[in-house]
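The chain contents come next:
Number of protein chains: 2
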Amino acid sequence: MASRIGTHTIALTREVFLHEGAGIAGKTEKEGPLGIFFDIAFDNDRLGQETWEKAESSLQTVAVRTLLGKVSLQPEDIQVIFAGDLLNQCISSTFGLRELQIPLMGQYGACSTMAQALAVGAVFVDSGAAERAVAVTSSHFCSAERQFRMPLEYGGQRTPTAQRTVTGAGAALLDKSGQGPVIRHLTIGTITDLVIKDANHMGAAMAPAAADTLLHFLSDTHSTVPDYDLILTGDLGSVGSSIFRELLAEQGVTVGQVHQDCGCLIYDREKQDVYAGGSGCGCSASVFCSYILQRMKRQELHSVLFMATGALMSPTSSQQGESIPGIAHLVHLQQPDRLS
Amino acid sequence: MASRIGTHTIALTREVFLHEGAGIAGKTEKEGPLGIFFDIAFDNDRLGQETWEKAESSLQTVAVRTLLGKVSLQPEDIQVIFAGDLLNQCISSTFGLRELQIPLMGQYGACSTMAQALAVGAVFVDSGAAERAVAVTSSHFCSAERQFRMPLEYGGQRTPTAQRTVTGAGAALLDKSGQGPVIRHLTIGTITDLVIKDANHMGAAMAPAAADTLLHFLSDTHSTVPDYDLILTGDLGSVGSSIFRELLAEQGVTVGQVHQDCGCLIYDREKQDVYAGGSGCGCSASVFCSYILQRMKRQELHSVLFMATGALMSPTSSQQGESIPGIAHLVHLQQPDRLS
Numbered sequence: 014m015a016s017r018i019g020t021h022t023i024a025l026t027r028e029v030f031l032h033e034g035a036g037i038a039g040k041t042e043k044e045g046p047l048g049i050f051f052d053i054a055f056d057n058d059r060l061g062q063e064t065w066e067k068a069e070s071s072l073q074t075v076a077v078r079t080l081l082g083k084v085s086l087q088p089e090d091i092q093v094i095f096a097g098d099l100l101n102q103c104i105s106s107t108f109g110l111r112e113l114q115i116p117l118m119g120q121y122g123a124c125s126t127m128a129q130a131l132a133v134g135a136v137f138v139d140s141g142a143a144e145r146a147v148a149v150t151s152s153h154f155c156s157a158e159r160q161f162r163m164p165l166e167y168g169g170q171r172t173p174t175a176q177r178t179v180t181g182a183g184a185a186l187l188d189k190s191g192q193g194p195v196i197r198h199l200t201i202g203t204i205t206d207l208v209i210k211d212a213n214h215m216g217a218a219m220a221p222a223a224a225d226t227l228l229h230f231l232s233d234t235h236s237t238v239p240d241y242d243l244i245l246t247g248d249l250g251s252v253g254s255s256i257f258r259e260l261l262a263e264q265g266v267t268v269g270q271v272h273q274d275c276g277c278l279i280y281d282r283e284k285q286d287v288y289a290g291g292s293g294c295g296c297s298a299s300v301f302c303s304y305i306l307q308r309m310k311r312q313e314l315h316s317v318l319f320m321a322t323g324a325l326m327s328p329t330s331s332q333q334g335e336s337i338p339g340i341a342h343l344v345h346l347q348q349p350d351r352l353s
Numbered sequence: 014m015a016s017r018i019g020t021h022t023i024a025l026t027r028e029v030f031l032h033e034g035a036g037i038a039g040k041t042e043k044e045g046p047l048g049i050f051f052d053i054a055f056d057n058d059r060l061g062q063e064t065w066e067k068a069e070s071s072l073q074t075v076a077v078r079t080l081l082g083k084v085s086l087q088p089e090d091i092q093v094i095f096a097g098d099l100l101n102q103c104i105s106s107t108f109g110l111r112e113l114q115i116p117l118m119g120q121y122g123a124c125s126t127m128a129q130a131l132a133v134g135a136v137f138v139d140s141g142a143a144e145r146a147v148a149v150t151s152s153h154f155c156s157a158e159r160q161f162r163m164p165l166e167y168g169g170q171r172t173p174t175a176q177r178t179v180t181g182a183g184a185a186l187l188d189k190s191g192q193g194p195v196i197r198h199l200t201i202g203t204i205t206d207l208v209i210k211d212a213n214h215m216g217a218a219m220a221p222a223a224a225d226t227l228l229h230f231l232s233d234t235h236s237t238v239p240d241y242d243l244i245l246t247g248d249l250g251s252v253g254s255s256i257f258r259e260l261l262a263e264q265g266v267t268v269g270q271v272h273q274d275c276g277c278l279i280y281d282r283e284k285q286d287v288y289a290g291g292s293g294c295g296c297s298a299s300v301f302c303s304y305i306l307q308r309m310k311r312q313e314l315h316s317v318l319f320m321a322t323g324a325l326m327s328p329t330s331s332q333q334g335e336s337i338p339g340i341a342h343l344v345h346l347q348q349p350d351r352l353s
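So the protein sequences, as listed, match chains A and B.
Using this note's numbering, read the first sequence as starting at 14 and increasing by one per residue.
Using this note's numbering, read the second sequence as starting at 14 and increasing by one per residue.
These aren't lab readings, by the way, just hints derived from the structure by calculation.
A portion of the hints provided could be inaccurate.
Derived pair list, reagent style EDC-like, types lysine to aspartate or glutamate, alpha-carbon separation capped at 20 Å [stated by the list, open to error]: (1) B:LYS310 / B:GLU63; (2) A:LYS189 / B:GLU63; (3) A:LYS210 / B:GLU28.
Heads up, incomplete: computed chain A residues facing chain B, CB under 8 Å, no partners named [said to hold, decoys possible]: (4) GLY61; (5) THR64; (6) THR79; (7) GLY82; (8) CYS103; (9) ILE115; (10) VAL133; (11) GLY141; (12) ILE204; (13) LYS310; (14) ARG311; (15) GLN312; (16) GLU313; (17) MET326.
Please read these numbers as outputs of a predicted model, since none were measured by experiment.
Where is the CB? At the ideal position from N, CA and C, for every residue including glycine.
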């Protein structure tokens with residue numbers, strides 16, 4: 014059973030374990046500082062497929078198969094999978110997961126989708142609607158570039174505020190029993206729109222949503238920043254992270270070193286040509302499901318807020334003069350009681 | 014609390030009321046046999062907007078505002094809204110719901126999205142994660158045509174198996190207390206792929222998924238067709254409905270007159286030029302949230318299976334030679350115990 018806390022937060026009363034995760038990445042991500050933490054990192058971003066879109070589908074297949082392999086489960090042991098990606102009509106998920114034959118519910122929250130999928134999955138397991146659920150999301154630099162911006166062959170220049178879509182995927186197993194951290198709270202985000210219209214400035218579009226969701230969570234749970242070891246945003250990048258911290262400071266909340274951002278962690282911005290950092294559904298998913306979950310399993314982190322952020326736009330909406338609204342969903346993970 | 018029944022079905026133990034619905038439609042739908050049942054039907058499918066995409070967003074705004082008006086609730090009374098549509102990156106939902114500031118979780122299941130949104134919403138209310146949740150989906154003939162097929166100005170001919178995307182939206186309020194039918198069971202669909210590749214033959218692509226989900230549900234609940242007053246598929250259309258019945262007959266299940274399809278109900282195929290019937294996220298949503306829900310409220314229907322079907326494809330996946338996989342999610346609604 015779940016219950017409501019404050020205006021925006023859900024408290025889970027049953028222990029929902031984030032039992033295991035798998036993070037998959039591409040070549041540039043393998044060469045970054047988290048390269049050694051990914052379960053699988055490919056040297057060729059085509060993954061042996063004919064098209065970038067099919068390569069991205071393969072990222073999801075590999076992520077879920079790797080996850081299931083780590084816990085010795087079969088697809089039929091999973092009652093439902095919550096999956097999403099950035100491609101039109103979420104085809105990475107459809108074609109990547111088709112062969113697994115797990116009951117599927119597609120999720121769309123742009124780059125916030127991993128937090129959303131974990132949140133919905135947690136409610137399903139908490140309620141008894143599923144004993145085990147999987148959350149998975151992906152993105153691919155090459156499929157995203159040609160869908161959202163320019164064909165790769167065009168070789169367009171990027172602005173310093175632009176972010177590089179991560180080639181990667183992450184999958185997580187939610188289980189009513191098991192090991193690892195448990196999911197304690199969820200805060201569902203609302204659309205926040207500061208009327209940013211520059212698709213090369215996504216961090217600025219998403220930062221207000223992240224600040225909004227975090228402030229709701231802290232207020233609803235009567236907690237403060239020092240209560241957490243890590244506040245992990247999804248893919249604000251370096252520019253968005255600065256704006257996020259400034260917006261919070263205006264409200265009297267200092268996150269300091271407790272805040273880290275998956276888009277900043279995944280690349281070495283001094284050595285790699287990645288502008289303001291990583292982005293995409295696969296950014297927070299691959300970082301969270303490998304590096305962060307491994308640190309929680311090693312007891313290095315006891316209480317973590319995972320807050321993936323999404324920019325809710327399409328090329329069509331931008332061409333029609335619309336702004337880029339943001340959204341952020343929060344998942345609070347903690348070591349289970351018996352270990353704390 | 015929810016519990017699992019059989020392999021694919023969820024039984025809800027708390028009463029989750031489908032307290033109220035609102036169905037919104039466009040001009041062609043207004044002229045069809047269900048025209049008098051829609052809460053609002055527009056004479057001009059532009060809805061006063063500059064573009065078809067913005068018109069579709071307005072359908073969602075109007076659907077949710079009409080729903081809330083009928084039950085005298087404000088947006089802040091709703092803890093979460095599950096919304097989806099067919100447009101790239103689900104922009105109808107984003108821009109249609111932005112002003113309402115209700116915590117949002119985007120759903121994507123192609124034309125199955127209304128059943129999926131109701132199912133996820135029902136689990137949230139059942140678990141206590143939300144006291145009230147709204148499910149809403151939309152589609153628009155003109156935005157869908159130019160995204161999935163051809164610009165309207167091209168005037169392409171259609172095959173007899175093609176379906177017409179419904180201009181419409183439906184919104185439903187799920188409430189832990191209230192009136193109206195309650196949601197008893199949910200069956201989450203798996204991807205079913207009979208390797209149909211013709212985007213003008215969607216009914217055939219979706220029919221196997223609908224048959225698969227219904228067979229799972231009947232098996233899981235140890236029930237038979239006569240236990241239900243209505244088995245309502247989403248938008249198989251006339252061709253897909255025939256295939257659906259044939260596939261079931263092969264398994265010894267005869268649905269007969271108990272089966273109806275929203276895509277067949279919404280238009281008069283003899284008088285209106287709609288090929289094999291209606292389709293789109295807004296088809297099942299607008300029909301279910303107006304005509305069907307009104308019949309349940311009048312006690313004309315006591316036990317209904319609402320099973321929306323989706324074709325999980327994009328123009329890109331079709332251009333790359335992929336088939337059109339289908340999916341169907343089922344929601345079982347019943348009059349509450351005190352009335353049965």
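Status of the hints after comparison with the structure:
With a C-alpha separation of about 37 Å, the suggested pairing of LYS310 (chain B) with GLU63 (chain B) is violated against the 20 Å cut-off. Proposed proximity of LYS189 (chain A) and GLU63 (chain B) is contradicted: the alpha carbons are some 49 Å apart, above 20 Å. Between LYS210 (chain A) and GLU28 (chain B) the alpha-carbon distance is near 44 Å, which puts this suggested pair outside the 20 Å criterion. Below 8 Å, beta-carbon pairs count as interface contacts, and GLY61 (chain A) has none with chain B, the closest being about 15 Å; its hint is therefore violated.
Annotation: THR64 (chain A) was flagged as interfacial toward chain B, and the flag holds, the nearest CB pair being 5 Å apart, inside 8 Å. With a cut of 8 Å, the hint placing THR79 (chain A) at the interface with chain B is violated, because the nearest CB-to-CB distance is about 20 Å. At a threshold of 8 Å, the smallest CB-CB gap from GLY82 (chain A) to chain B is about 21 Å, leaving the interface hint violated. Annotation: CYS103 (chain A) was flagged as interfacial toward chain B, and the flag holds, the nearest CB pair being 5 Å apart, inside 8 Å.
Taking 8 Å as the C-beta contact cut-off toward chain B, the hint placing ILE115 (chain A) at the interface holds, the least distance being around 7 Å. Because the closest C-beta pair between VAL133 (chain A) and chain B is about 6 Å apart, less than 8 Å, the hint holds. This hint holds: GLY141 (chain A) has a C-beta 5 Å from the nearest C-beta of chain B, less than the 8 Å allowed. Below 8 Å, beta-carbon pairs count as interface contacts, and ILE204 (chain A) has one with chain B at about 5 Å; its hint therefore holds.
For the restraint placing LYS310 (chain A) at the interface with chain B, the shortest Cβ-Cβ distance is roughly 27 Å, beyond the 8 Å limit, so the hint is violated. For ARG311 (chain A), the interface hint is violated, since its Cβ never comes within 8 Å of a Cβ in chain B; the closest pair sits about 31 Å apart. The restraint placing GLN312 (chain A) at the interface with chain B is violated, with a minimum CB-CB distance near 29 Å, outside the 8 Å limit. Nearest Cβ of chain B to the Cβ of GLU313 (chain A): about 30 Å, over the 8 Å cut. The hint is violated.
The beta carbon of MET326 (chain A) comes within 7 Å of a beta carbon in chain B, closer than 8 Å, and the hint placing it at the interface holds.
Comparing the model with each numbered hint stated earlier shows that hints 1, 2, 3, 4, 6, 7, 13, 14, 15 and 16 do not hold.
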